[in-house]
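Could you put together the complete structure from these sequences and hints?
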Amino acid sequence: MKMWLENLRRKKGQQNLFILILFGLFFLLPEQYLLTNFAYAIILFLIAYISAYIEIDPVWKGLLFSLIVTLIVIVIILSIVSLFPNIPFLLLILVTIITAGLAIYWIG
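With this note's numbering applied, the sequence shown corresponds to residues 429 to 536, in that order.
FYI, nobody ran anything at the bench for these hints, they're computed from the structure. No experiment lies behind these values; they were computed from the predicted model shown. Mixed in with the good hints there might be a few duds.
[Stated by the list, open to error] For lysine-lysine, the following DSSO-like pairs were computed, each having C-alpha atoms within a straight-line distance of at most 27 Å:
#: 1; residue 1: Lys430; residue 2: Lys440
#: 2; residue 1: Lys440; residue 2: Lys489
#: 3; residue 1: Lys430; residue 2: Lys489
#: 4; residue 1: Lys439; residue 2: Lys489
Below, the structure is given as structure tokens:
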């Protein structure tokens with residue numbers, strides 16, 4: 429695991445390919461199942477870790493920052509969906525992208 433992580437840290441091409449695969453999983457997962465939202469959270473966690481926090485030297489610190497970003501994004505999404513149930517899907521995606529970008533920028 430540690431050797432794979434060091435290899436991924438050195439090669440930006442592999443990082444970008446892994447992130448593209450994770451984004452592709454967003455569209456391939458079925459929406460009707462119970463654990464799909466949990467899988468979305470794990471994918472978001474991995475995307476945040478690989479894109480922003482993989483270079484942080486103690487691995488636990490990068491994982492903690494990624495967990496904080498994931499929790500912030502999940503809370504924002506759930507609160508927006510609860511407060512505005514008729515929000516268009518594209519607007520929800522836009523708010524999610526802005527929230528994730530700002531959270532990654534401010535944390536770490």
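Going down the list of hints, with the structure as the test:
Proposed proximity of Lys430 and Lys440 is supported: the alpha carbons are some 17 Å apart, at most 27 Å. Taking the CA atoms of Lys440 and Lys489, the gap is near 20 Å; set against the 27 Å cutoff, the hint holds. At roughly 15 Å between alpha-carbon atoms, Lys430 and Lys489 fall within 27 Å of each other, so this suggested pair holds. Simply put, Lys439 and Lys489 have alpha-carbon atoms about 21 Å apart, close enough for the 27 Å limit, and the pair holds.
When held up to the earlier numbered hints, the structure conflicts with none and fits them all.
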